[in-house]
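J.: Sequence:
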Amino acid sequence: MRTWVYLPLLLSVALPWASRWMSARAAPSLAARTVAAAAVVAGTASVCCLALLALTLFDDLPPLSAYDHRPDLGLPKPVPGWVALAAAVLLLAGSVRLGRLVRIRMRVLGDLRQLGRPNAGLVIADSPEPFAVAVPGRPGHILMTSGMLRLLDVDERRVLFAHEQAHLARGHHRLVSAAAWAAAVNPLLRPMASLVSHLVERWADEDAAAEVGDRELVARAVAKASLAGSHRRFEPAMGLHGAGAVQRVSALIAPRRQHSWRDPIAVVGLSVSLLAAVAVAVLEFVEVAEEWLALL
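So for the sequence shown, the UniProt record's numbering puts the first residue at 1; every next one is plus one.
Hints should not be assumed to be uniformly reliable.
Listed next, with one range per pair, are the computed distances between beta-carbon atoms [stated by the list, open to error]:
#	residue 1	residue 2	range
1	250	121	26 to 34 Å
2	116	24	19 to 27 Å
3	128	3	53 to 61 Å
4	272	146	47 to 55 Å
5	258	114	25 to 33 Å
6	257	290	47 to 55 Å
7	290	250	50 to 58 Å
Think of the hints as simulated: they come from the structure by calculation, not from any bench.
Fair warning: this is a prediction, and the values are worked out from it, not measured in the lab.
Heads up, the beta-carbon is just placed ideally off N, CA and C, and yes, glycines get one too.
Whenever a hint applies, use it, and build me the whole structure from the sequences.
T.: Written out as structure tokens, the structure reads:
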């Protein structure tokens, strides 16, 4: 096994940079979907390559270990033992992080659903702290506090409802969760998970602006909700006050730029390279495994 098995791990370093470059140019809707998909590809590729490396530990176990020091057999050496062991440790650590993340997100979702039974898709919780969030489900609903209602005027409430409804209608929680899961198994992808969270908020901002027909009104509502603070207990949830409010307000008040279909080319190209590298690494592993297993 040569360099192909390591390439997905190296490309995982370049992918967040390409994603940030693209997100500054592409429409938030396209950028969010592209970055989330690329994160899933990179996370899956990382797990596959770590698994391939870890599986080479079997050549150090009986009965294959008996042939490990037989140069006359001409057997290919998979990878050094310490590399395989390190890959196994990283794979285990990623599994633990993924399990912890799933538990946290399930707990947060359960806490949000226990705050009230929705009426016409809305739950208003009696709390002085300004807070609003889209709670996914079948069907999903919007949760907001009485403090948030008092904070916003009538027009800003329209923005809030449009923003949170966009999260539910577009299924943004799926993109955020997928990127977060990828980052759990490969910490090099954490910037991409944060970026997806930011991009879905910008996407919801754009949908709200199209709904109310006033970008400055949306910018004002975002700024007001963000300055009022957020509830850290429900941090993974999506709301008007979340993920990079300063950048979101700047994007809303800046002149709208022209987007090109070429914007995501770098991210898509790196993702295709990841898939190709995994395919070649699997073929190399199969060739090595066949030669060793032929001795049994």
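J.: Broken hints, numbered, in rising order?
T.: 2, 5
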